[in-house]
Structures are given as C-alpha cells and as structure tokens.
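Spelled out, the chains give:
2 protein chains.
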Amino acid sequence: MSVYLSNNMRTRDKKKYNAIVKTSIRLINKLDFSGISMAKIAKKAKVSPATIYIYFENKEDLFTKIYIDIRTKMSQAALQGLDNSKSIEEQFKSIWHNYLTYALAHIDFIIYRENFEQTSMMNNIQQEDFELFGYITNLFQQGIKEKYIKKIPPILLISFAFIPITTLLKFHFEGMICIDDKIIKQASNLAWNAVKY
Amino acid sequence: MSVYLSNNMRTRDKKKYNAIVKTSIRLINKLDFSGISMAKIAKKAKVSPATIYIYFENKEDLFTKIYIDIRTKMSQAALQGLDNSKSIEEQFKSIWHNYLTYALAHIDFIIYRENFEQTSMMNNIQQEDFELFGYITNLFQQGIKEKYIKKIPPILLISFAFIPITTLLKFHFEGMICIDDKIIKQASNLAWNAVKY
Chain A
1 MSVYLSNNMR TRDKKKYNAI VKTSIRLINK LDFSGISMAK IAKKAKVSPA TIYIYFENKE
61 DLFTKIYIDI RTKMSQAALQ GLDNSKSIEE QFKSIWHNYL TYALAHIDFI IYRENFEQTS
121 MMNNIQQEDF ELFGYITNLF QQGIKEKYIK KIPPILLISF AFIPITTLLK FHFEGMICID
181 DKIIKQASNL AWNAVKY
Chain B
1 MSVYLSNNMR TRDKKKYNAI VKTSIRLINK LDFSGISMAK IAKKAKVSPA TIYIYFENKE
61 DLFTKIYIDI RTKMSQAALQ GLDNSKSIEE QFKSIWHNYL TYALAHIDFI IYRENFEQTS
121 MMNNIQQEDF ELFGYITNLF QQGIKEKYIK KIPPILLISF AFIPITTLLK FHFEGMICID
181 DKIIKQASNL AWNAVKY
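Order-wise, the sequence lines are chains A and B. Reminder that position 19 of the first sequence reads as 19 in the working numbering, one-by-one numbering, no gaps. Reminder that position 54 of the second sequence reads as 54 in the working numbering, one-by-one numbering, no gaps.
Next up, chain A with everything else stripped away, as it sits in the complex:
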C-alpha cells in the first residue's frame, strides 16, 4: 500500500509519482483540502494532469492513499526493532519512543494526518488495516491476561496509553513543550503507570 516508491514502476515513473505525492502533501498542508485541484497539483509537481490520473482515480483517491501511506509508515516506524520476547512494559515504551521520534522528524506527515482526520474521507479508513493497531491490541490482550495491564475497556486503555502522544505532539508544535528523549521517557512512564496492573 506504499504510495512512495512502488516497486513495479520504472525509475522515471517513480520520480513523477513521488513528485505528485510530495507536492500534494505540501499544498494541502498550506491550503487545506478544499483549496486544491488535480490541475494545481499537476502544475506544481511538473507533470501533465493525465499523469496523475494514471495513478489516482480522483482527488479523494489521491488524498486517501497518501493518508494510508503516512499511517503505514508511522506504524512501521513504531514497530521497528520490536521484539515480542521482551516484557510488555519494554515493548510498550519502545512503541512510545519509536513513534514520537519518527513523528518529530516528519512534521509534514503529522500536519497532513491531522487535517485529513477532520474530513469525511476518514469514514473510509479502517483502523484495523494498520499493523500498529493489531500489535497494540495483542499487547493489551496479553498484558491483561498475564496481569501486567488493568482489565478495563480497551478504549480507556488507549486514551491513557497512546492518545497522549498526539496531545504532546500538538503541544510540541505549538511551542508549549520541547519533546526530547528525557520527556519521551517521562511521558512513557506516566502512560505505563496509568494502565499497569
């Protein structure tokens, strides 16, 4: 499902494709979804409008694929190097660290994601499609079974275990906090303390 660098493409096509995606993210983050046309994207990406339609059916298809790609990348980054032979607590804190580190290095993705999630296109997105969702669900189930994590509704667990990541990122971009490794450690500790058995 990766939007960047699809393997079946020739190099020249890949370049065009990536230019479309990059340009779209830049324009949307600047102008919002409503202020954008396929023609505008084509012009700024220096491809012909027909080229965009080879890869994407329409605006909604383009915007949705970009969103899915961003979420997929964030999911992969969060799970990188994760080892399920390690303790639940270690895996939990590793996800926090990986996710935040990746997010801070990809501000454009975070802004795009936040904008997209305000739109009705979000109705077509299934959380279950992302590897991270499945991993966290399993981690919670295992943790509850082995009495490392409290037995409470999953949505309550998520609200304290991982949603604060979004809160902290928002504060970071607003300049109210400067997230570094120390803050990530403190925050993941708070999150773990909230949900641990």
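Same chains, same label: a pair holds when it works inside one copy or across any pair of copies.
Using 30 Å as the maximum straight-line C-alpha spacing, the simulated DSS-like pairs for lysine-lysine come out as follows:
1. LYS185 - LYS93
2. LYS170 - LYS44
3. LYS147 - LYS170
4. LYS65 - LYS14
5. LYS145 - LYS170
6. LYS170 - LYS59
7. LYS147 - LYS196
8. LYS182 - LYS150
9. LYS40 - LYS14
In short, the hints are calculated from the structure, not lab data.
Chain B: place on chain A using the hints.
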C-alpha cells in the same frame, strides 16, 4: 463575566440578551463561525440588529464572550463542593467527576467550545483567567511538595491528568464509548495512577 443573566439588567433585557446568546450557540454549532452574520443572529433570536450592538461590539466580541462564559460555567461546575481540606487524590477525582458530569449534560457548550478553539479568536484567551486553571495549578504544586504527585513538567502532568477528559468526551460523542459513573471512576483512577508519586 457571565454572558447569561447579567444582574444589572431588567428582566425584559435579560430575555433578549439570553435569546441572542442561545441563538448564537445553536447557529454556530450548526453552521460554523464563518457562515454567520449579526443580522442572521438577530433575525433568529427575534431581536433588532441594533439590540445586539448594545451588548456586543461585533461578532468577535459576541463569540469570545460566549466562549468565556462557557469556560467559566464549566470551571465553576468542576469546582463545585470542592473542599481543600480533603486529600489531593479526593480533590483530583472530584474535579474529574464534576467536570465530566457537567459536560455530558451540556453537549452544546462542548461543541461550541471545540469549534471556537479551532479559530484564531483563541489567541485572545488567557487560561489563567479561569478559576479551574488556578485551582489545578495549586493542587499540582501542593501535591508535588507533599510528594503525592510526581515532580515533572506541569504540561506533562496536564496531558495525563486532565486532557484525557477531552479525549473521552470526543469518543463519547462519536459513539465509541458511553460514559457513565463507572467509566468516570475507572478513568479518574487511571489519570491519578499516571501522575501520583
């Protein structure tokens, strides 16, 4: 600073005033801030446009005063019956309970508040102006001093102690959770476990 029922007004004026405020909240929650004019509010509130300008300088003044009033009301509700001779934990959980109970009973306020906070009018709002902000700040300071609460940056404390209230309300309005007394108890426990020493 109360927008509803100012004491210096005659009953007939109060009625008009409250009609303006109520109508504004209803229209904004339906149409968003950009789709609204003072003339439209006047018409729907059944007052003359000139009447609105007796109380409010312009749209921004009207919208901002309504926001401040909502926040003031929520702040008062959260602090109702609070007793600072009680333990930090009891006061903490009492704020959770009062705030969520009030919010669930005033959905229109919550929607207005969320919409307002997306606008640039928010730049004129000082968090310090609300009683609740001062109360929580003091509670944290006292808690840290007496080693009931972890000594970490206040913004981290807030992210786990009270921001999850907003998350849970969002999930409630989206139908992903149904907040009742049991959920409030579980959630305030998670929040307390996150920040306690």
